[in-house]
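**Q** So you can see what is in the structure, the chains are spelled out below.
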Amino acid sequence: MSANSPDAPPGSPRYALNRAIVDLCRNPNARALIANKAEFFAAYPLSAEERQALLDAKWRRLLELGVLPNLVYRYYMLHGLAPETFPAAIAASSPN
Amino acid sequence: MAQLCLGLATSHLAHIVNARALADPRQVAIFDAGFQRLAEALDEAAPDVSLIISAEHVNKFFIDNMPAFAIGMFDEFAGPVESKTRNFGIPYRRVPSALGFARHLIELGLDEGVDWAVIESWEVDHGFMAPLFKLDPEGRHPMVPVFVNGASPPLPSPRRCYAVGRWLADAIARWDADKRVAIIATGGLSHSVGSVQQGWIDVDFDRRFLADFCAGRGDALAKLSDAEIRATGSATGEIRSWIMLAGAFAGRTAEEVMYEPIKGFDTGCAQALIR
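Here the protein sequences line up with chains A and B, keeping their order. Reminder that position 92 of the first sequence reads as 91 in numbering that gives the first Met the number 0, one-by-one numbering, no gaps. Reminder that position 38 of the second sequence reads as 37 in numbering that gives the first Met the number 0, one-by-one numbering, no gaps.
Watch out, some of these pointers could steer you wrong.
To be verified - Straight-line C-alpha distance at most 20 Å; calculated EDC-like pairs for lysine to aspartate or glutamate:
#: 1; chain 1: B; residue 1: Lys262; chain 2: A; residue 2: Glu83
#: 2; chain 1: B; residue 1: Lys222; chain 2: B; residue 2: Asp211
#: 3; chain 1: B; residue 1: Lys262; chain 2: B; residue 2: Asp203
#: 4; chain 1: B; residue 1: Lys83; chain 2: A; residue 2: Asp22
#: 5; chain 1: B; residue 1: Lys59; chain 2: A; residue 2: Asp22
#: 6; chain 1: B; residue 1: Lys133; chain 2: B; residue 2: Asp47
#: 7; chain 1: B; residue 1: Lys133; chain 2: B; residue 2: Glu43
#: 8; chain 1: A; residue 1: Lys36; chain 2: A; residue 2: Glu48
#: 9; chain 1: B; residue 1: Lys133; chain 2: B; residue 2: Asp23
To be verified - Covered stretches of chain B (chain A as the covering partner; in silico rule of three or more C-beta atoms under 8 Å from a C-beta of chain A):
#: 10; stretch: 59-67
#: 11; stretch: 188-196
In case anyone wonders, no lab produced these hints; they're calculated from the structure. Glycine residues also receive a C-beta, built at the ideal position from the N, C-alpha and C atoms.
Generate coordinates for the entire structure from the input sequences, incorporating the hints supplied.
**A** Listed below in structure tokens is the structure:
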């Protein structure tokens with residue numbers, strides 16, 4: 000699926016959300032793009048709940064929505080957060 | 000005919016290079032010493048070529064096209080890919096490979112039901128390059144990288160990984176070349192990355208796994224279920240590389256080089272070798 004392709008084929012229920020994150024994390028300008036992530040994710044066919052979980056950085060909710068744990072971690076670090084702070088952050092993160 | 004001359008297994012986390020201060024220095028020293036022993040064993044065995052088996056971390060593959068097993072078929076590869084976008088602590092470099100050996104495994108496998116995905120250009124990630132930084136930083140040993148999906152479910156079963164490992168040994172023995180081949184498995188043991196379990200290490204599981212591995216009880220490892228493995232951490236699935244190695248050396252005992260549950264690295268770190 001290409002984020003900008005209107006005729007992109009549908010994927011599995013978890014596909015678009017994972018696609019959105021991996022495209023951001025793999026982008027050479029990821030550090031700059033994260034500053035305006037709403038604009039970046041606007042091109043992806045996400046549900047309102049998925050989009051909100053991304054924008055509000057709801058780590059645990061992202062997992063429950065099917066994001067691969069590796070990508071949750073990379074998305075976390077992309078926010079400039081220290082890796083060693085992740086366990087506490089996800090423990091404090093709401094599942095909803 | 001080619002000969003299998005050495006098996007090495009090690010955890011592969013990059014923290015041993017780029018985040019050492021997070022862990023207890025005593026444990027880091029034990030992990031370092033283990034790498035030194037494995038490096039010496041690799042130099043002593045002097046393989047003409049080695050297979051290095053690892054999962055990877057959504058850097059090459061994604062769920063739009065996720066193979067269970069893949070082999071790099073080229074004369075060289077490079078990595079770690081992470082070093083191209085941030086200060087990763089491991090220099091980006093090229094690693095010599097062995098196209099002819101890879102082609103032998105691929106063609107034989109495709110004829111015998113081991114349907115490898117083939118990679119003809121690959122910037123590998125830390126799963127390969129962190130261990131190589133410690134084992135062979137100068138790139139003196141040609142390496143053929145082998146991917147096993149250990150992180151993006153659904154994953155190949157331990158039973159299948161063991162069978163592919165057994166097949167690898169057989170395929171190496173049928174390589175019509177006067178060559179010595181080593182196999183290096185990287186990853187594990189229990190750990191989680193990006194999940195609510197991150198920080199927890201299942202020491203009991205790790206010790207059982209390592210005991211079975213070192214006793215040559217690969218059949219016991221093959222009987223592990225995906226659910227059992229997943230219960231010990233979101234990234235423990237990487238032990239599939241160890242199970243493949245156990246298959247390649249079926250029934251052979253291994254020497255436990257080290258095991259430390261390194262809290263600062265969030266990982267049960269282990270190393271073993273099979274001579």
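**Q** Confirm or reject each hint.
**A** Checked hints:
{"no.": "1", "hint": "B/Lys262 to A/Glu83", "result": "11 Å, holds"}
{"no.": "2", "hint": "B/Lys222 to B/Asp211", "result": "11 Å, holds"}
{"no.": "3", "hint": "B/Lys262 to B/Asp203", "result": "15 Å, holds"}
{"no.": "4", "hint": "B/Lys83 to A/Asp22", "result": "16 Å, holds"}
{"no.": "5", "hint": "B/Lys59 to A/Asp22", "result": "12 Å, holds"}
{"no.": "6", "hint": "B/Lys133 to B/Asp47", "result": "19 Å, holds"}
{"no.": "7", "hint": "B/Lys133 to B/Glu43", "result": "16 Å, holds"}
{"no.": "8", "hint": "A/Lys36 to A/Glu48", "result": "15 Å, holds"}
{"no.": "9", "hint": "B/Lys133 to B/Asp23", "result": "19 Å, holds"}
{"no.": "10", "hint": "59-67", "result": "holds (count 3)"}
{"no.": "11", "hint": "188-196", "result": "holds (count 5)"}
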